[in-house]
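There are 2 protein chains.
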Amino acid sequence: MRACLLEKYREFLPLTPETPIITLGEADTPLVRSLRLEKELGIGELYFKLEGCNPTGSFKDRGMVVAVAKALEAGSRALICASTGNTSASAAAYGAHCGLKVFVIVPGGYIALGKLSQAITFGAEVLSIDGNFDKALGMVRALIQKHPITLVNSLNLHRIEGQKTAAFEIIDTLGDAPDYLFIPVGNAGNITAYWRGFVQYQKASKRPRMMGFQAEGAAPIVRGGVVAEPKTIATAIRIGNPASWQGALAARDESSGVIDCVSDEEILTAYKLLASEEGIFGEPASAASLAGVIKMIKGELKLSTARVVCVITGTGLKDPDTALKSAPTLAEFPAQLEAVEEVIVSKL
Amino acid sequence: MRACLLEKYREFLPLTPETPIITLGEADTPLVRSLRLEKELGIGELYFKLEGCNPTGSFKDRGMVVAVAKALEAGSRALICASTGNTSASAAAYGAHCGLKVFVIVPGGYIALGKLSQAITFGAEVLSIDGNFDKALGMVRALIQKHPITLVNSLNLHRIEGQKTAAFEIIDTLGDAPDYLFIPVGNAGNITAYWRGFVQYQKASKRPRMMGFQAEGAAPIVRGGVVAEPKTIATAIRIGNPASWQGALAARDESSGVIDCVSDEEILTAYKLLASEEGIFGEPASAASLAGVIKMIKGELKLSTARVVCVITGTGLKDPDTALKSAPTLAEFPAQLEAVEEVIVSKL
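Protein chains in written order, with the numbering used here: chain A, 3 to 350; chain B, 3 to 350.
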């Protein structure tokens, strides 16, 4: 039987007796052991943490449930964020569940409405402004100074507190921390959260080496400077100036880890492998973790006796376009058994 | 900590010591209590079983894990199904995970490739034939007679065995069976499976009344005859001749339940309510359960002291088109705080 995140890990969270306990069924996500890539890549044990099984399809729900519970406790009447993706979906869902208004500010000229389909369906007010993401975020910060509205962008520190519970779950499932944790890095809040989780949870005998991977065209931490125009097909980590930059560096340095980058081609290769070899459909950014594993093995990191966990941050259903881009066109066969049978037998 | 379906409910499943234990993290899905609709509709307790949190985003994974484990046990080398939706996604995922070839036969002229994006990404061979669904299914049945290939359409009886575990979980979570279970009915395998689960699980003191809802344009059980050309926006229940017709009737009659239908308009209204009032984004077919609750209350069924569970069969991310069809166009605001502030304050 499932326990909700706020109750299960209460002692590790910034809750008071007045914090309302809310849940949309977040957390307690599967940790799936690889049946095939583990052998093919020569890894001791390889696991995937399926954060796409959260109610809005990404890891963001872990942090959002804490942020929204605290907003309710503080008497807030609305949530606000500048986001075009997973954060807005999660904010809109928890807002709807709790009867809070939700405002989402998006940069102007934003036409990929598909990414906003969840926020819109959950009834959030989406406002497009004639300006870029920084302008949108600046506006959000000004608004919360004047009105009883809670900011739920990653500047909201409660979010990292909720996200760290994924590390607790990995330890609870494996009985100890893994040797390595591979994780996509965009805004860097998640690697910061996992590291905090591994440090705080006393049930483990060790801590993993934290292996963070940015996309090559959006790799400010690797390059050591802000990237003005980040570019990658992995939209969830298309960030040029991460909010938790320092947290990521600390996770790397304190764990003797690595922050490196992988190309879009490496991400897409890993994305396809993950689906076709393991049956796991993650959003493209998610595949940066497996792409990182493959890159490190090529770079002669020995994992043959290691226990490795890759974080799959969100479901591939968030980005059907990438899935279909690599799809073959469907050949049509006559409705005769022999024609179809011939193809099938040739592939058996 | 999660246990996998095959291990957790082993004693209730058709497994032998030779059946391999496989898992993609299916089952153990959230049962979320309503915070708002329960009060608005005047229901004692209202819960939603979120089957969209399964690894491929629908309840089909529960049955598929059993069907595929049994296929492996039998020495099968491939899976095959005639399906354009959730079944093909689930078959393709479990096949990929276990290294089995997967063939999906779809009716000719099938152009909504989006619904097949998961199956294709998981590496299934999708064959389009010049014929309708019945022709495709007939071909599948002929092929499995001659080759070591396992049929995983709902004719595969192991699937219902796996699906019944959702009823076990509801009883485990609530401590007893609910008074009513509202569930969408398409091929009718799921209502058959839930009823079997409620009957077999001895931990409950009672059994629920089974309330199945078809879409008005695809309601063969309600009308008492095959519907040649079923029509509804709820594609997952667009079925004119359900495979488990008799199972649905038995569930209804043995539980003093109801099988009725709801219009597409009622489904869409419930779909939007579910998202905007509860923060739950189900595929349109899923909303037939809540639409059924609303219809029955209007018809003067008294639920004010009842415990009611609605099954949300799959995630809304499976069908982004429906979500966006009802989306407003985005108005663009100047990047001036006052303009945005005015809108926000007016909506607070």
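Among the clues, some could well be false.
In silico SDA-like pairs for lysine to any residue, Cα to Cα no more than 20 Å straight-line [unchecked claim]:
| # | chain 1 | residue 1 | chain 2 | residue 2 |
| --- | --- | --- | --- | --- |
| 1 | A | Lys148 | B | Lys103 |
| 2 | B | Lys300 | A | Leu43 |
| 3 | B | Lys103 | A | Ala341 |
| 4 | B | Lys148 | A | Glu340 |
Using C-beta positions, here's what the derived DEER-type ranges look like [as the list claims (entries may be wrong)]:
| # | chain 1 | residue 1 | chain 2 | residue 2 | range |
| --- | --- | --- | --- | --- | --- |
| 5 | B | Ile299 | A | Gln338 | 28 to 38 Å |
| 6 | A | Glu231 | B | Phe14 | 30 to 40 Å |
| 7 | B | Asp323 | A | Ile299 | 39 to 49 Å |
| 8 | A | Leu332 | B | Asp323 | 11 to 21 Å |
| 9 | A | Gly140 | B | Lys208 | 27 to 37 Å |
| 10 | A | Ala329 | B | Gly226 | 34 to 44 Å |
| 11 | A | Pro330 | B | Lys137 | 33 to 43 Å |
| 12 | B | Ser258 | A | Arg143 | 51 to 61 Å |
| 13 | B | Leu157 | A | Ser265 | 41 to 51 Å |
| 14 | B | Thr18 | A | Val345 | 50 to 60 Å |
| 15 | B | Gly226 | A | Gly116 | 38 to 48 Å |
| 16 | B | Gly77 | A | Pro330 | 23 to 33 Å |
| 17 | A | Pro336 | B | Leu326 | 50 to 60 Å |
FYI, nobody ran anything at the bench for these hints, they're computed from the structure.
Cβ atoms here follow ideal geometry from the backbone N, Cα and C, with glycine treated the same way.
Hints, verified against the model:
The straight-line distance between the Cα atoms of A/Lys148 and B/Lys103 is roughly 59 Å, outside the 20 Å bound, and the hint therefore fails. Between B/Lys300 and A/Leu43 the CA atoms are separated by roughly 59 Å; this puts the pair beyond 20 Å, and the hint is violated. Proposed proximity of B/Lys103 and A/Ala341 is supported: the alpha carbons are some 18 Å apart, at most 20 Å. Between B/Lys148 and A/Glu340 the alpha-carbon distance is near 12 Å, which keeps this suggested pair within the 20 Å criterion.
Judged by the Cβ atoms, the range 28 to 38 Å given for B/Ile299 and A/Gln338 is violated: they are separated by roughly 52 Å. At roughly 56 Å, the beta carbons of A/Glu231 and B/Phe14 sit outside the given window of 30 to 40 Å. A beta carbon spacing of about 40 Å between B/Asp323 and A/Ile299 agrees with the range 39 to 49 Å that was offered as a hint. At roughly 19 Å, the beta carbons of A/Leu332 and B/Asp323 sit within the given window of 11 to 21 Å.
A hinted range of 27 to 37 Å for the beta carbons of A/Gly140 and B/Lys208 is inconsistent with their spacing of about 58 Å. In this structure, A/Ala329 and B/Gly226 meet the distance hint of 34 to 44 Å, their C-beta atoms being roughly 41 Å apart. Taken as a hint, the range 33 to 43 Å is violated for the pair A/Pro330 and B/Lys137, whose Cβ atoms sit roughly 22 Å apart. Range check, B/Ser258 to A/Arg143: about 58 Å between beta-carbon atoms, so the 51 to 61 Å window is met.
At about 45 Å, the CB distance of B/Leu157 to A/Ser265 agrees with the hint of 41 to 51 Å. Here the CB-CB span from B/Thr18 to A/Val345 is close to 33 Å, at odds with the stated 50 to 60 Å. The hinted range of 38 to 48 Å is satisfied by B/Gly226 and A/Gly116, whose Cβ atoms lie roughly 41 Å apart. Separated by about 29 Å at the C-beta atoms, B/Gly77 and A/Pro330 satisfy the suggested range of 23 to 33 Å.
For the hinted restraint 50 to 60 Å between A/Pro336 and B/Leu326, the CB-CB distance of approximately 36 Å leaves it violated.
The structure does not agree with the numbered hints 1, 2, 5, 6, 9, 11, 14, 17 stated previously, though it agrees with the rest.
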